[in-house]
Amino acid sequence: MKKVYTRPKYLKPVANHYCPGCGHSIVHRLVAEVFEEMDIGERAIGVAPAGCAVLAYNYFDVDFVEGAHGRGCAIATGLKRRVPDAVVFSYQGDGDLAAIGTAETIHAAARGENITIVFVNNGIYGMTGGQMAPTTILGMKATTAPFGREAKREGYNLDITHLVAEIEGTAYAARGLITSPKEIRKSKKLIADAFQCQLDNRGLSIVELVSPCPTNWGMQPLASVKWIEETFTKHYTPGVLVERRPVSG
Amino acid sequence: MADKVLMRGNNAMAEAAVRAGCRYYFGYPITPQNDVPEYLSGRMVEVGGTFIQAESEIASIYMVLGASAAGGRVMTSSSSPGISLKQEGMSFLAGHELPAVIANVVRGGPGLGNIAGSQSDYFQMTRGGGHGDYRMIVLAPGNVQEMADLTYLAFDLADKYRTQSIILADGMMGNTMEPVILPEMRELDSLPEKDYVVDGMRGKRPSRARLSLILEPKELEDHNWKLQRKYKLIQENEVRFEEYELEDAEMVIVAFGTAARIAKGAIRRARSEGLKVGMIRPITLWPFPSDVVRQLADRVKEFLVFELNAGQMIEDVKLSLEGTANVSFYGRPGGSIPTPRDLAKVIINRYSQKFRLI
Chain A
1 MKKVYTRPKY LKPVANHYCP GCGHSIVHRL VAEVFEEMDI GERAIGVAPA
51 GCAVLAYNYF DVDFVEGAHG RGCAIATGLK RRVPDAVVFS YQGDGDLAAI
101 GTAETIHAAA RGENITIVFV NNGIYGMTGG QMAPTTILGM KATTAPFGRE
151 AKREGYNLDI THLVAEIEGT AYAARGLITS PKEIRKSKKL IADAFQCQLD
201 NRGLSIVELV SPCPTNWGMQ PLASVKWIEE TFTKHYTPGV LVERRPVSG
Chain B
1001 MADKVLMRGN NAMAEAAVRA GCRYYFGYPI TPQNDVPEYL SGRMVEVGGT
1051 FIQAESEIAS IYMVLGASAA GGRVMTSSSS PGISLKQEGM SFLAGHELPA
1101 VIANVVRGGP GLGNIAGSQS DYFQMTRGGG HGDYRMIVLA PGNVQEMADL
1151 TYLAFDLADK YRTQSIILAD GMMGNTMEPV ILPEMRELDS LPEKDYVVDG
1201 MRGKRPSRAR LSLILEPKEL EDHNWKLQRK YKLIQENEVR FEEYELEDAE
1251 MVIVAFGTAA RIAKGAIRRA RSEGLKVGMI RPITLWPFPS DVVRQLADRV
1301 KEFLVFELNA GQMIEDVKLS LEGTANVSFY GRPGGSIPTP RDLAKVIINR
1351 YSQKFRLI
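Line by line, the protein sequences give chains A and B.
Under this note's numbering, the first residue of the first sequence is numbered 1, with each subsequent residue one higher.
Under this note's numbering, the first residue of the second sequence is numbered 1001, with each subsequent residue one higher.
Watch out, some of these pointers could steer you wrong.
As the list claims (entries may be wrong) - Capping the alpha-carbon separation at 25 Å, the derived lysine-lysine pairs in DSS-like fashion look like this:
#1 K1204/B to K1230/B
#2 K1230/B to K1160/B
#3 K1264/B to K1204/B
#4 K189/A to K226/A
#5 K12/A to K1204/B
#6 K1204/B to K9/A
Because the hints were derived from the structure by calculation, they are not lab data.
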């Protein structure tokens, strides 16, 4: 019988701790598949975040450094400068990348640091229990925005990928959805393109994966997917935001 | 033998780092240590290393963590408020068991304080500073030559114990110019092998993770006891100090760094007036030379601790003496630096209260 579906080489054969309907395990799988298909897993080094994916090194079967909250891009910078032929990526959530780590993110892009950011945006702090994130959209409820985010009270959401895309040192910025099989296949292509950008030494690449968090959204998994497609994507439109060729000289 | 060159303390430290095999420096401007990043921004290019002026002290310490995890000899430097910002990352370096050399060219505090030399970060450096139970080797140079020599040593100690080595200097020491003999340039392939490095599996070994998240309390307790065993080993093997005019001393000054230098001048003045005064100068502030101080108390009963702060190392002196001798204190916080003459007056005054002057 022909095997059509199997565990990717760079995922460990263990059960993960993610909630039912969470997008993290899908993103892990996509990244691991890309490593295998591009044959870069043997020289991959990841930086794990503080957040739901804090245990990413228990699931990915590649080298990892566990980072402090928000510092992924700074750690990835140190790794890449020491081992330029490694494929270095920082796996981060919205609070990590766009709140406490905003400076590290923006300046890694400004330096054109040749690293890849895998950014999972679910609009909420998952691991700490559903607090408001920088990406929480107006009207969305969180445990620290109990009446729903209101501009006058909690301020606006931040589209960090859009900001990063504006910076000259960013070679590639894209956003995909972790919703339907079709969108997930498209997201995988964006992840592969981001890593290819690093292999070509073109500068910083970021791929944002808009991902469901049924547990903290208080929704069923299918309702979460529907909510992303109908509401969340009004603020976070999928597609390639920028693709720059390196400036000569 | 290498020739003597005239160098500023900060520059001597930076050049010694390069000669020790440091090829990765990440920092952020702050007075009075700006000579270090300025010097290394050019020097790292010459030797094919990496220099990054980071967006913050926080980012720079995590760049240090990344480059260290990947096996490099790495350094950052800063001054007091900047070191406070680095403390989170320093705790992570301790938990991850990664080597690094960190220079703190101390300025007056608290808060923004001033840019004059001070020793007010003694507690912060010798107690770990960041969260969690950890220690760092703290080296306190007493002149520009030691700025070079102790920096060179700091990299070897950091690698040997997989720990952080701190160069605890101050604004005065960092900006003093003196003749210095620079250490030999280390060949990079002569540096110690590291078996914990995260640099890609390369088809040769299983995947590795460097981390400090250990959720199971018993496992984290074991990790902590392992760290403590390492710190014990450092305490047993790495204590360094200088003895000055101790043979016939009836009163012992305890001072480090710039304060010790002032104290030497003061002791010479006091001795010229017939006072039997000597000094013990801790070179490692952690591990503190407790045994030496304690043994001195078998024959000396008067200790005077002199610091450029409001009284921090005095606690370690008292802990070492365990009540076996009298301890008094003279200190100048806030960046004030007394002259040897000022200190000599204090010494003569205290001495004459205890002993009959000849």
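### Query
Hey, K12/A versus K1204/B, does the alpha-carbon distance stay inside 25 Å?
holds (17 Å)
#### Entry: Hinted pair K1204/B and K1230/B, Cα distance within 25 Å
Given pair K1204/B, K1230/B is violated - Cα atoms ~29 Å apart, limit 25 Å.
### Query
Given the hinted pair K1264/B and K1204/B, is their alpha-carbon gap at most 25 Å?
Violated, because 57 Å separates the two Cα atoms, which is more than 25 Å.
#### Entry: K1204/B paired with K9/A [C-alpha distance capped at 25 Å]
holds (15 Å)
### Query
Taken at face value, is the distance from the CA of K1160/B to the CA of K1230/B at most 25 Å?
holds (10 Å)
### Message
Checking one constraint from the list: CA of K189/A to CA of K226/A, max 25 Å. Satisfied?
### Response
Measuring from Cα to Cα gives roughly 22 Å; hence the hint holds.
In this structure, the earlier hints numbered 1, 3 are contradicted, and the remaining ones agree with it.
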